[in-house]
Amino acid sequence: MVQRTFEGEVLTEPVVVEREFETVDMNINIGPQHPATHGVFRMVLTVDGEIVKDAIPYIGYMHRGGEKLSESLDYRGALGYQDRTDYLAAFNSEWVYVNAVERLAGIEIPERAEYVRLILAEFNRILSHFMFMGAFGTDVGYFGTAFTWTFKERERIQDLFEAVCGDRIMYNYFRVGGLAWEPHETFIEDSQWVLDQAEIGISDVDELMTDNEVFVARCRDIGVLSAADAISYGVTGPMLRAAGVPFDLRVDEPYSIYDRFHWEIPVGERGDVYDRYLVRLEEMRQSVTILRQALEQMPTSGPIMPERMPARLRPEPGEIYMRQENPRGEYGIYMVSDGTDQPWRVKMRSPCFHNLSSLRPQVLNSYLADAVVALGSIDIVLCEVDR
Amino acid sequence: MTTRRTPAATEEPPSNEPPAGSIADTYRLVLPLVEFDAAMTKGGDVALTIAADAIHEVLERGRDDARLHMNLLRNLTAVDWEQRGLEMVYHLYSIPLRQAVTIKAWLPSQGALIESVTDLYLTADWAERECREMFGIEFIGHPDPRNLLLDEDLDIHPLRKSHPLAPIEIEQGVDVEYFTKQFPPPEPAVEQEAAPTAAAAAPERKRVEDMTPEEREARKAEQAERVARARELAAARRQERLAGAPPAGGPRAAGSAPPPTPAATTATAAPASAAPSSGPSADRPPAPPPPELPSIPDAEEDPEGRAAAQAERVRLGRELAAARRAQLRGD
Chain P
1 MVQRTFEGEV LTEPVVVERE FETVDMNINI GPQHPATHGV FRMVLTVDGE IVKDAIPYIG
61 YMHRGGEKLS ESLDYRGALG YQDRTDYLAA FNSEWVYVNA VERLAGIEIP ERAEYVRLIL
121 AEFNRILSHF MFMGAFGTDV GYFGTAFTWT FKERERIQDL FEAVCGDRIM YNYFRVGGLA
181 WEPHETFIED SQWVLDQAEI GISDVDELMT DNEVFVARCR DIGVLSAADA ISYGVTGPML
241 RAAGVPFDLR VDEPYSIYDR FHWEIPVGER GDVYDRYLVR LEEMRQSVTI LRQALEQMPT
301 SGPIMPERMP ARLRPEPGEI YMRQENPRGE YGIYMVSDGT DQPWRVKMRS PCFHNLSSLR
361 PQVLNSYLAD AVVALGSIDI VLCEVDR
Chain H
1001 MTTRRTPAAT EEPPSNEPPA GSIADTYRLV LPLVEFDAAM TKGGDVALTI AADAIHEVLE
1061 RGRDDARLHM NLLRNLTAVD WEQRGLEMVY HLYSIPLRQA VTIKAWLPSQ GALIESVTDL
1121 YLTADWAERE CREMFGIEFI GHPDPRNLLL DEDLDIHPLR KSHPLAPIEI EQGVDVEYFT
1181 KQFPPPEPAV EQEAAPTAAA AAPERKRVED MTPEEREARK AEQAERVARA RELAAARRQE
1241 RLAGAPPAGG PRAAGSAPPP TPAATTATAA PASAAPSSGP SADRPPAPPP PELPSIPDAE
1301 EDPEGRAAAQ AERVRLGREL AAARRAQLRG D
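Chains as they are written, first to last, in this note's numbering: chain P, 1 to 387; chain H, 1001 to 1331.
No lab work stands behind these hints, which were simulated from the structure alone. One or more hints might be untrue.
As the list claims (entries may be wrong) - Think about it this way: if two alpha-carbon atoms lie no more than 20 Å apart in a straight line, the pair counts; the simulated SDA-like pairs of lysine to any residue are: (1) P:68 with H:1065; (2) H:1042 with P:107; (3) P:152 with P:203; (4) H:1042 with P:203; (5) P:53 with H:1144; (6) H:1042 with P:53; (7) H:1161 with P:342; (8) P:68 with H:1307; (9) H:1042 with P:152; (10) H:1042 with P:69; (11) P:68 with H:1079; (12) H:1161 with P:317; (13) H:1042 with P:339; (14) H:1042 with P:256; (15) P:53 with H:1299; (16) P:53 with H:1161; (17) P:68 with H:1156; (18) H:1042 with P:340; (19) H:1042 with P:108; (20) H:1161 with P:106; (21) H:1161 with P:341; (22) P:68 with H:1082; (23) H:1161 with P:152; (24) P:68 with H:1147; (25) P:68 with H:1299.
Only a predicted model underlies this, so the values are computations on that prediction, with no experimental measurement involved.
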């Protein structure tokens, strides 16, 4: 853990100040209702002056028993619940779920539906990262500017989603086998326009934050997580890539039609908060690259659902662990079928759950104010952590 | 709510052998003494079923051996198969070698015990805590077995199939009927029998929308009473726990997971009766019985004792793991 003094000198040990008086360790409770925790998350920090000596996270305030509920509904009924796990990347979560059911039941998906799904999911990745930039900027100290700028960009993408599926957050648009209905007529043109605007927005955020001296000073060498530790903690997604591990399920275990596009995996070096920000920023640009190719290749006409679909899905007994790359990491659905029309077991592997469990080593022996920055850089969605 | 479904208890899930040269063969090569029952899942992964007492050995060698290099424990969960027992599921992935595998182990429904893998994968800490509270599986050697997602005082296992899903789960997910059934009040409530009969004169339950205002009031009062009773019970239980004298076999023994009786312990060591396909081979040495776990006192009550008990649990788990490893290696 690297510590900096006020003079900017870098020390490898925590700052030790000769004190006249004895200090007492103090417990500080943060949350569950606190804006810096991005939801109902609570942590109890033990501080010695300004240095965090211990951190105990508490989760579960948003636990709604989603796995149990999914097991008591039929295969299609639990789909809407997926929007309520990762609400910032609802298309991605829905996609994992429908893919799991399709693979379990052996249903083929029309190519056009696959393209629409991929386009919406990649747009959702950009949207989610915009949201991260805004919220993280507020954590670091851009009161307002980053938030309003990124929300402006996010708003355009949400308008596109609203035109496609009629909802702004809880989309519920994917169906087992394809899509609920045709996207609107000008879908491709609208997407091109939104994409152009988003690219400008990404550059704006880049110019606003990346080279800002205060921002860099606030983010460099904070919350460092080594690659070995990150893997051991089950950390995935941009956090793991920031630690230098080029692990992206879109490449490592290719699913859908990602093998048809050319793009790169951004990787960090130090595994600190600043690298996580840079990786996410570059990932948005790579998503733009993917989207440009996908919008070009997408067939303009064709079916979006298979011709024949069973009224009730009764997959053969079996199991599947479907995993895909969500904006926050590996989102997985472990689904077990017993031959009836309800899944016997549904387990949601939430990336935030595992990413958040690595919080304690990141904040130990750091300043209290840096602990909030480290927490913000994990980009947690508590609905997904608690399920 | 739909009626309860019965699992296909008699039918074996269709098992298709993985192709030759798959990761199952690598595992057999690395661990010749462990018996693997391999099958393909519908997602194209290889699922290996092993005896529950070999789980630590299999995961450790899988992580450290260069041919497997399973460095990412991406998912850890369990499946409740009711009569057939509980099935532990570990999803592993090797980032450098790009290979995935699923490791499974069968446990008995009652008194399920398995070695913790927190010393191999740091992520198992939270995952096992979640699995423990949701299914009532004890992880031997887990340093901090508290509730994670559920309320800290709750001793229910919601993802068990025997846990009912109430229409309205009152008070933070506590199903009061289930709760009162699990912890019956000390005296048979004779006067409480009389009061609800007057209120619940209607032969069947009416929907709330169809009720008259008086009936709604009565229903509200009844619910409030039930909640109050559940709260009293919970408070009494907490008092009992704080007062010391935790029941033998672990702090949670009074709940739905009974203390590991000798019979249950042997069932853990040889889960052949629960799972026909996962029995250890005849020449395998029998596992040593798991040690008696010390109970963990409350943090406010006795912080040193708590730390000592946690350390003791870890030490016992490590000892057991080491002994079992030595035995499996044939030392």
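> What are the numbers of the hints the structure violates, in ascending order?
Replying inline: 1, 4, 6, 8, 9, 10, 16, 20, 23, 25
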